[in-house]
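Number of protein chains: 2
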Amino acid sequence: MSVMPIPQQNHLLAALPAEVQQRLLVNLELIPLPLGMVLYESGDALRHVYFPIDAIVSLLYVMENGASAEISVVGNEGLIGVAVFMGGESTPSRAIVQSAGYAFRLLGKQFKDEVNRHSEMLHLMLRYTQALLTQMAQTAVCNRHHSIDQQLCRWLLLSLDRLSGNQLVMTQELIANMLGVRREGVTEAAGKLQKLGVIEYSRGHIHVLDRCKLEQLSCECYAVVKKETDRLLFYVPAEPRQGQPALR
Amino acid sequence: MSVMPIPQQNHLLAALPAEVQQRLLVNLELIPLPLGMVLYESGDALRHVYFPIDAIVSLLYVMENGASAEISVVGNEGLIGVAVFMGGESTPSRAIVQSAGYAFRLLGKQFKDEVNRHSEMLHLMLRYTQALLTQMAQTAVCNRHHSIDQQLCRWLLLSLDRLSGNQLVMTQELIANMLGVRREGVTEAAGKLQKLGVIEYSRGHIHVLDRCKLEQLSCECYAVVKKETDRLLFYVPAEPRQGQPALR
DNA sequence: CTTCTTGCGTGCGCTAGCGCACAGAGACGG
DNA sequence: CCGTCTCTGTGCGCTAGCGCACGCAAGAAG
Chain A
863 MSVMPIPQQN HLLAALPAEV QQRLLVNLEL IPLPLGMVLY ESGDALRHVY FPIDAIVSLL
923 YVMENGASAE ISVVGNEGLI GVAVFMGGES TPSRAIVQSA GYAFRLLGKQ FKDEVNRHSE
983 MLHLMLRYTQ ALLTQMAQTA VCNRHHSIDQ QLCRWLLLSL DRLSGNQLVM TQELIANMLG
1043 VRREGVTEAA GKLQKLGVIE YSRGHIHVLD RCKLEQLSCE CYAVVKKETD RLLFYVPAEP
1103 RQGQPALR
Chain B
863 MSVMPIPQQN HLLAALPAEV QQRLLVNLEL IPLPLGMVLY ESGDALRHVY FPIDAIVSLL
923 YVMENGASAE ISVVGNEGLI GVAVFMGGES TPSRAIVQSA GYAFRLLGKQ FKDEVNRHSE
983 MLHLMLRYTQ ALLTQMAQTA VCNRHHSIDQ QLCRWLLLSL DRLSGNQLVM TQELIANMLG
1043 VRREGVTEAA GKLQKLGVIE YSRGHIHVLD RCKLEQLSCE CYAVVKKETD RLLFYVPAEP
1103 RQGQPALR
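Keeping their order, the protein sequence lines are chains A and B. Taking the working numbering, the leading residue of the first sequence gets 863, the next gets one more, and so forth. Taking the working numbering, the leading residue of the second sequence gets 863, the next gets one more, and so forth.
It cannot be assumed that every hint is accurate.
Repeated chains share a single entry, so a pair holds when one copy, or any two copies, can fit it.
In silico lysine-lysine, DSS-like type, Cα no more than 30 Å apart, as pairs [unchecked claim]:
#, residue 1, residue 2
1, K1088, K1054
2, K971, K1089
3, K1089, K974
4, K1075, K1088
It should be emphasised that the hints constitute simulated quantities derived from the structure, not laboratory data.
Modelling step: build the complete structure from the supplied sequences, incorporating the hints.
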């Protein structure tokens, strides 16, 4: 990040009415999110909501025995902390930084008040929440029916969509935690992809060489979630943004 | 159903302010939900929202190859059709009746207008939606990490909580569809439970004999979802309902 | 340049769950 | 009472993924 991040780089913030943006701007706090930082733990009352700029945050469920599984992933298309306006104030999951970067944050209470004052803003947030819901549902299905190979492809694509460039900084161990599988399983799957010339990696750095191939090898889950997310967030009838094709 | 169902048997309808109840009552339509009825298909625009009384409805994702997986389950604690007020108007899943019974339904537009007029009502619906979110997340985790035996226990408990009595009408084949596993897998798991004296079944009728044991044999997922659902929906500070222990 | 740490590769035995095939047994209509 | 359909039980070979153990090599630290 050589240039200063601005709030409008987060799609949700950018989509707010100008008037609301003005009022929120002064309260937004730019926060660096280093890899592995925990934004909140399972059951924590949410003090802030976070709007990622170039960071990626995973919602992770950690079981009693320590095993984990990623529930959903959030980049600059969304926000962390939907429980603030959904009313629960907490969720039984952990929010952890999966790719370092920056985010703007806002006090939960302030955000909640603002959301409740502006129905347009509320409805935007609710559409985002529905996109999140879709992602969770699809994760459930994917966990049930698809191979590690397919899931790795899906996961790489989800991350890629939320990054600029085609390189991820991410060890296989961490990917395994996210997918809820063995590290060796990821090694094997990644090895296959490398042999096929789809990716190239070494010691925590993954280059995606052939995104197209990746999409072919992925299960349907990626496309379903992407399509639905685009429908919910980026198709705004009779506005200039209409038809914007992708997450980023 | 020898007695006439009344709207207040649905927890969400019962929790609405008296004034709103009055206005909705005349528009509520009592509908019988036979086993297997599809309330909506993946991608359908939602014409109605449904409030189950004694029926159970599953949200099911059906993949391209026909395989399926249950995303969440809804009984008289909730409603079918959250996409109406979340703004998406549709979801990529099927709503199918898993246990026959009755539900009240309401035109989606009417419900939406009502929700948008009453913030108290909206907030109740959002809390329910968060409970749904939790259930989906937990389903994802459960699909990843737990055995068919454990998942069957969880599934039986979820159904039991939404029924009166301790008998389910449900073939192993259908349970397998819900869990997204083989029918034989369910046969085996159910056989174990029967040997342990936890359940008793024959040709689509399952009697639960020892609910306690069922909870012990289930994975943590059931308890997590139940606790969170109770927290979100039934704990209303400084009101008579406070401390109500269970879903039903 | 050495040493240590971190990330990746690999092999091996094991189990859960799959796909398939078929058999028996309750329910039910004629 | 008989044929038919639906539901459940069982057996068998197969594979994906697990747990474990160990080796190796690229960077970082000294």
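Each hint, compared with the structure:
{"no.": "1", "hint": "K1088 / K1054", "verdict": "within (25 Å within a copy, 41 Å between copies)"}
{"no.": "2", "hint": "K971 / K1089", "verdict": "between (32 Å within a copy, 25 Å between copies)"}
{"no.": "3", "hint": "K1089 / K974", "verdict": "both (28 Å within a copy, 24 Å between copies)"}
{"no.": "4", "hint": "K1075 / K1088", "verdict": "within (17 Å within a copy, 42 Å between copies)"}
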